[in-house]
Amino acid sequence: MTRIDNHPADGAEHAVSVRGLVKHYGETKALDGVDLDVREGTVLGVLGPNGAGKTTLVRILSTLLRPDSGHATVAGYDVLRQPRQLRRVIGLTGQYASVDEKLPGWENLYMIGRLLDLPRKDARARADELLERFSLTDAAKRPASTYSGGMRRRLDLAASMIGRPVVLFLDEPTTGLDPRTRNEVWAEVKRMVGDGVTVLLTTQYMEEAEQLASELAVIDRGKVVAGGAIDELKARVGGRTLRIRPADPLQLRPLARDLDDLGITGLATTAVDNASGSVLVPILSDEQLTAVTGAVIARGITISSISTELPSLDEVFLSLTGHRASAPQDDDATPADTREEVAV
Amino acid sequence: MSAATTTADEIDIDIDMEARSKADGRIPLRAHMRHTGALVRRNLLWIRQDPESMFDALLMPIVFTLLFVFVFGGSIGQATGGGQDGYVQYVIPGMIAMMSMTLSQGVGTGFSQDFNSGVMDRFRSLPIGRGSVLFAKISVELIRMLFATTVLMIVAVLVGFDINHWPGLFAAVGLSTLFASSIMWVFLTLGVVLKNAQSVQAMGFLVLFPLQFGSSIFAPTQSMPGWLQAFTDYNPLSTLADAARGLMVGGPVAHDLWVTIGWSVAITAVMAPVAIHKFRTKS
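Going down the list, the sequences are from chains P and W. Going by the numbering used here, 244 is the number at position 244 of the first sequence; the sequence numbering is gapless. With positions in the second sequence counted from 1, the corresponding number in the numbering used here is that position plus 1000.
Please note: incorrect hints may appear among the correct ones.
In silico contact screen, one side only, chain P against chain W (beta carbon under 10 Å); selected entries [stated by the list, open to error]: (1) G91; (2) Q95; (3) S98; (4) V99; (5) Y110; (6) P143; (7) Y147; (8) G176; (9) L177; (10) D178; (11) T181; (12) R240.
Quick caveat, the hints were computed from the structure, so don't treat them as lab data. In this text, a Cβ means the ideal position worked out from N, Cα and C, and glycines have one as well.
Could you build all of it, start to finish, from the sequences and the hints given here?
Listed below in C-alpha cells is the structure:
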C-alpha cells in the first residue's frame, strides 16, 4: 500500500506544540501567551468558557489565522513557515459544520478526496468507505442540507478523516447537539482515537473532556490556567461534587469547616456556594461519599437537599484556579486583568 | 458506490509523485488544475441541485434582446438610419458585451455566501492553492456566460440578426470572455471584502449601471454631449462593443480590439493579485 504523504516532519517530539502564542483583536487579547503540548496519540481537551480563546487557538493551529507572536508546530510543521505541509497532516471539524450543504454527502467527501490529491478511483472508494463507517450510506445522495444536526456533524467528521490526518482538531464538536446525538459523536471520536489519531478537542463541558480526553488544558481569557493528566485534575477538582443544602443557612459555614476538618475528601477542599446556600464537597470515591454523608448525619442538622453531580465548568474553574470562569458569554475575550496566574 | 465493503487497507492511495516530491509543499501546476477541477464540479453540481440559478443566464438575453429590438429599436433605428433591422445588427454585438458584465457580477455574490458558511474554512485548511477556489468560481461563471451567449445568438437570429461571419462571431465571444474574466476579479474582490451577497449585488449595480449605459452598447455615441463622449470613449464596454461589432458585422476593429485587450490585461494584472491577497488574508 502506498502511503498518503501525510507523515509528520522528522524529529517531532509532540504532535502539537504551542509556545507563547498571542493573538489580539484590536484591544482584546484572544490569546495571551498560550503554552501547551499534545503528545502523539493522545487526546488533549482544551476546556474553557465562551470567549476564552479556544476557537482562536484552533484557527491558528489549522493555519486559518496568523498569530501576532509566539510559535506553534503541528506534527513538527511550523504554522507560519510550513503551512502547506501542515495542512496535509491535519483534519478540522469546526464549531459550525463545514460541509457544503448544497452538495450530497457523497459529493462532499469525493470533492475533498480530490482536493487532497487522491486519484478519482481512490477518492470514490474513500468516500464510500467513510460514509459506511459514519452510517451515512443511506443518505449518500441527499443534499447535506436535508441532514439532521447529528448527521451533518458526522459528515463533517468524515470529511476531516479523508486525508488520514495525523492530528485532528475538533472545535466544540457537540455544541448545539441533543444528548443522544452527542453520544453518537463521542462514539465516533473514540473510534478515531482508537485509530491512533492525535486529537486536540475544545469543549465547554467537563463531561465531554472526561469522556474523550486523556489530558486537559483549562483556558480562561486567553491563558492556560491549569493543565495536566485528566485523572490528576479530576482528583484536584473532585471526581464528583456532593452538594448539601442545610435548611438553616447559618449552618453553612460551620458545616463546611467541620467537613473540611474530617480530612477525608482528598486533595481538593470543601467550598461554600453562598448563591445557592450549599456546601460543595469534592468526592473521589464511594467510600468518601459514605463517610461524608455519615458525618453530616452525625451532626444532626436538617438537610433540605443533597445531591451528587459532575463538576460543571464553573466548579472546575473554582477548584483549579480559585476564581470563577470570568470570560463574557459572547465570543470576544476581554483583556486579561491583573489576576494572579495559578501555577500548574 | 459499490465499495461499501472496501477496507482501508485495500485502498491503494497513490499520491501524485510530483506533489510528493515537492519538499517545500509548493503545489505543482497539475495539482492546481486538479483542485480547480474538483471545485468546478462542485459549482456545477450546485446548478444541478438548483436549476433556477440558471434562470438569469437564460432569461436575461431573451428579455433584453426583445426590449431593445422591439421597444427602442424602431426609434433608434429610424434616427440612425437603417430602421429596426439595421438596429438589430447594431445592438446584438453590444448585447454580448453587456452580458459579459452583468453575469460577471454573480461570481461575487456566490462567493460571499461561501464565506458565511463554514465550507470556506474547510477549503482554507486543505493543502490546496488559495487561487484554485477563485479560478473555479471564474470558470463556472464563464460557462454560464457562454450558455447565455448561446441563448442570445439564438434569439438574435430569430429577430433577424445575420451571422455572416462565423469566425468573427467566435472572435467576439472570445474577446468578451477575456474581458469578463478580468472584470470577475473585481467582483471576486468585492465578494471577499463585503459582508453579504446583498451588498455585493448593490455595489455591483452601482458600478455596472453607468458603465453599461454610458457606452456605445445600445446606441451610437455621436449624439451624446461632449463630456459624456469623453467618458464613453474610454469606457472598456464601448471598445468591447465596438470591437465585437467590427468582428461580427464588419468595420474598423484593430483599435477597439487592442484597447479592450489592454483593459482586460490591466484589470487582471491589478485585481487578480488583490483578490487572491484579500482571500488569503481574510480571517
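These are the hints, each one checked on the structure:
| no. | hint | verdict |
| --- | --- | --- |
| 1 | G91 | holds, 9 Å |
| 2 | Q95 | holds, 8 Å |
| 3 | S98 | holds, 3 Å |
| 4 | V99 | holds, 7 Å |
| 5 | Y110 | holds, 8 Å |
| 6 | P143 | holds, 6 Å |
| 7 | Y147 | violated, 14 Å |
| 8 | G176 | violated, 13 Å |
| 9 | L177 | violated, 15 Å |
| 10 | D178 | violated, 20 Å |
| 11 | T181 | violated, 18 Å |
| 12 | R240 | violated, 36 Å |
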